[in-house]
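Below, each chain spelled out in residue letters.
Protein chains: 2
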Amino acid sequence: MNKIKDIFKKSLTTKDNNTLEESSRRDFLKNSATLSVSAIAATSILGPVKASADEKQIVNEVEWGTKLGDKTTKYRYGIPSPYEHNNVRRNDPLLSSGDEYATVTMCPIHESEGIITPNGLFFTRNHGGTAHIDPNEFRLMIHGKVKKEIVLTLDELKKYPCETRTYFIECPANGSTDWRAPQYNNLQFLKGMMSCASWTGVMLKTVLEDLGLEDDAVWMLAEGSDNAGNPRTIPVEKALDDAMLVWGQNGEALRPEQGYPLRLLVPGWEGNLNTKWLKRLEFSDKPWHSKEETSKYTMLQKSGKAIRYFWINEVNSVITKPCPEKPWANIKIGDLVEIEGIAWSGQGTIKHVDITFDGGDNWVEASLKGLVLPKAWTRFSYMYRWEGKPLLLSSRATDDLNNTQPTIDQETSKQGVESVYHRNGNVTWEVTTKGEVNNVHIRKHKA
Amino acid sequence: MNKIKDIFKKSLTTKDNNTLEESSRRDFLKNSATLSVSAIAATSILGPVKASADEKQIVNEVEWGTKLGDKTTKYRYGIPSPYEHNNVRRNDPLLSSGDEYATVTMCPIHESEGIITPNGLFFTRNHGGTAHIDPNEFRLMIHGKVKKEIVLTLDELKKYPCETRTYFIECPANGSTDWRAPQYNNLQFLKGMMSCASWTGVMLKTVLEDLGLEDDAVWMLAEGSDNAGNPRTIPVEKALDDAMLVWGQNGEALRPEQGYPLRLLVPGWEGNLNTKWLKRLEFSDKPWHSKEETSKYTMLQKSGKAIRYFWINEVNSVITKPCPEKPWANIKIGDLVEIEGIAWSGQGTIKHVDITFDGGDNWVEASLKGLVLPKAWTRFSYMYRWEGKPLLLSSRATDDLNNTQPTIDQETSKQGVESVYHRNGNVTWEVTTKGEVNNVHIRKHKA
Chain A
348 MNKIKDIFKK SLTTKDNNTL EESSRRDFLK NSATLSVSAI AATSILGPVK
398 ASADEKQIVN EVEWGTKLGD KTTKYRYGIP SPYEHNNVRR NDPLLSSGDE
448 YATVTMCPIH ESEGIITPNG LFFTRNHGGT AHIDPNEFRL MIHGKVKKEI
498 VLTLDELKKY PCETRTYFIE CPANGSTDWR APQYNNLQFL KGMMSCASWT
548 GVMLKTVLED LGLEDDAVWM LAEGSDNAGN PRTIPVEKAL DDAMLVWGQN
598 GEALRPEQGY PLRLLVPGWE GNLNTKWLKR LEFSDKPWHS KEETSKYTML
648 QKSGKAIRYF WINEVNSVIT KPCPEKPWAN IKIGDLVEIE GIAWSGQGTI
698 KHVDITFDGG DNWVEASLKG LVLPKAWTRF SYMYRWEGKP LLLSSRATDD
748 LNNTQPTIDQ ETSKQGVESV YHRNGNVTWE VTTKGEVNNV HIRKHKA
Chain B
348 MNKIKDIFKK SLTTKDNNTL EESSRRDFLK NSATLSVSAI AATSILGPVK
398 ASADEKQIVN EVEWGTKLGD KTTKYRYGIP SPYEHNNVRR NDPLLSSGDE
448 YATVTMCPIH ESEGIITPNG LFFTRNHGGT AHIDPNEFRL MIHGKVKKEI
498 VLTLDELKKY PCETRTYFIE CPANGSTDWR APQYNNLQFL KGMMSCASWT
548 GVMLKTVLED LGLEDDAVWM LAEGSDNAGN PRTIPVEKAL DDAMLVWGQN
598 GEALRPEQGY PLRLLVPGWE GNLNTKWLKR LEFSDKPWHS KEETSKYTML
648 QKSGKAIRYF WINEVNSVIT KPCPEKPWAN IKIGDLVEIE GIAWSGQGTI
698 KHVDITFDGG DNWVEASLKG LVLPKAWTRF SYMYRWEGKP LLLSSRATDD
748 LNNTQPTIDQ ETSKQGVESV YHRNGNVTWE VTTKGEVNNV HIRKHKA
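Quick note, the sequences are listed as chains A and B, same order.
Residues in the first sequence are numbered consecutively from 348, following our numbering.
Residues in the second sequence are numbered consecutively from 348, following our numbering.
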């Protein structure tokens, strides 16, 4: 026994978790309303749960322990448990209008964990259906004001050194149904036009430095090879900053509905700029004024004028637990519960997130949990003892450039209510005494 | 135009990538054999690729651009492109021995990107097939030397605050076929008994502090509820360090073959300790000496004696590009190519990785790329101009506790060649003048 323990002691010379995770754990302890993990333990999150002899017996005699499972070789490529059949993308009933090609499927963000969206659940927004491309037939053309125009195969492109980075993609219309009044009592439909993944590809900057841009190349057109094409103008500054040509998503090839075999990634900017099934990049001294940036994807202002070329998805956040699909119905009064959510900013890194329980009169700081990366989903968390009172629960994120989410009032007083895009006013959940959760508009949050 | 640029300038007040990624990019520049990105560009990775009028025409007239794609609504849960049908898990022909229940499927690590393995490709090692569990019927029992024994439903367990962390899991038999001589000319079969994912669940420490351990509880038994059970003894020190009870993998529920709905996670330790379909945790003052830790999973030494309770997967690395499945057949002599690989350590964080081109006479330092996290896969990279000479290409990883991979000689002189487990001697690829890549043993690497 002592010898075994010696071996253990010797082999357990492990270093603790890295500073990133460690610091966020410290934040968790510090910020959770002064409740340390020990304090949480002392109050027992579980309540009066116990183990009777009968219950122990049940555990030891489960039916699936009495027979062989499926053959290990059955799934060369695995699929979710059939019990998870509800954790799927869903067609937005208001936005789809019966069109099954030019429409959107919403990510089930109420079921999401951490900051990675699995590829099977990453939201989609297509203008002409999902193109199916033979990667051997695929070509990327880079032309216009470049010193060396090229037509590349995928294998040729993959000769460049690759990078893997975690970024969210969000449709600028995410939350668009809610500009005037709540339309959905449902988080998936309210904010599910976004997801976050780990992307692999080459920095566009590396390719462009290889080809050589002309001095007056200040605009880039990105166009897809699908029937819709979705041509969009992007400043060369962004192309040379952090844009990527990506072929990998979460460790494997892009899925067809994400642009297989190649998409443009423009971190933090409107989802439609992240061109799928990429066909060509053209460089010019003038922008293109394509349909997708004149009749669509403009920001209608209160004045009646519209802003064109407004690309960045602003700082934003939403509470995912609780939410209308995950109420507190099973939480007993007096229980300690974890309030959790997602914050993100297309301009930088989430710095802090505040939470209010009373519709904005008072705010407390949540803790940031796990990895905190620029232009990526960031998880926030707050341990809260619910005493059964009704709540108006909301979050407010701030990024490292000190951009903060506006209240709905601030947002609509500037924008009016004719806007479709770039909704980032606070989302508020009303929690009833029964623990039900409803989407409501609180217009006048205090600062 | 100027106005548009002004809007852009204003809205582009983005902060660059975070220090983590930024520092690794700097490392990349610094370490890549003094080749900066500009230098790479100046030498052109692409070579004589150009765009003829014909080629441009082809790009503009692709067949899939002339018709609608699949309905966007077709996939509520997405699947890979049919062209990716070769990127699948494979049954190891030497280890499976015709048994399709108690066997292993290997992860296609030669196709992997970044540090996340998608759930459909995460390796599996089962002893009695894949159990299928109704999460509503699932119970977890925690008993023995705890002050409050409990039987928990999954919903009750999920009341605890959750964490998401990225860790590899590796079967200690990974590489086991190669102890005496190379058996496979294939990376997937040589080192595919590992994967890396982002796991979500509760820290076991939080649960145990809630229940209260008896003072003499120094050992924990973890047992699965499947027919094999796979009972294993784990020191309480590890349970209270970084062990987790996880229900989420890469943003969604565990897959059935990964232990749905709950598995134990013991970061950096032998894969079989990460008990799937977890049924119970029992606490005691003595270890259990189960079959899986007496007849199996022991380390046979040269002396004829075996080490029991040897849990940690040691520092390790392998070059994934090139590899036997991805030779340099399409690389022309004089081309700049990226050599890439995976390093990992069950004891800490990867600190640096060295690469040799001549079987160990000379070493250069590779750059670490992307996120560098403890007990997680870490990518390394080196830009190299191949002049067509044959190479003996190998990597050697060091972690932040200064553990370094041994040479094969060092490993076998200590262990002999009767071992099955914990192979971490250098893997060497022979690159032929034709760019073919073969698995060879170089026994006498120099320090």
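Just so you know, these hints were derived from the structure itself, not from any lab.
Do not take every clue at face value.
Any copy, or any two copies together, can satisfy a pair, since identical chains are not distinguished.
[To be verified] With a straight-line cut-off of 30 angstroms between C-alpha atoms, the simulated DSBU-like cross-links for lysine-lysine are: (1) 781 with 638; (2) 552 with 494; (3) 638 with 652; (4) 505 with 643; (5) 643 with 698; (6) 698 with 552; (7) 552 with 679; (8) 403 with 698; (9) 698 with 781; (10) 673 with 505; (11) 495 with 679; (12) 781 with 505; (13) 403 with 421; (14) 506 with 418; (15) 649 with 736; (16) 649 with 673.
All values reported here derive from a predicted model rather than from experimental measurement.
Verification of the hints:
no., hint, result
1, 781 with 638, "neither (49 angstroms within a copy, 50 angstroms between copies)"
2, 552 with 494, "within (14 angstroms within a copy, 60 angstroms between copies)"
3, 638 with 652, "within (17 angstroms within a copy, 75 angstroms between copies)"
4, 505 with 643, "neither (33 angstroms within a copy, 43 angstroms between copies)"
5, 643 with 698, "neither (32 angstroms within a copy, 49 angstroms between copies)"
6, 698 with 552, "both (28 angstroms within a copy, 28 angstroms between copies)"
7, 552 with 679, "between (54 angstroms within a copy, 24 angstroms between copies)"
8, 403 with 698, "neither (46 angstroms within a copy, 46 angstroms between copies)"
9, 698 with 781, "neither (34 angstroms within a copy, 52 angstroms between copies)"
10, 673 with 505, "between (43 angstroms within a copy, 12 angstroms between copies)"
11, 495 with 679, "between (67 angstroms within a copy, 20 angstroms between copies)"
12, 781 with 505, "between (55 angstroms within a copy, 20 angstroms between copies)"
13, 403 with 421, "neither (32 angstroms within a copy, 44 angstroms between copies)"
14, 506 with 418, "neither (39 angstroms within a copy, 33 angstroms between copies)"
15, 649 with 736, "neither (38 angstroms within a copy, 68 angstroms between copies)"
16, 649 with 673, "neither (36 angstroms within a copy, 57 angstroms between copies)"
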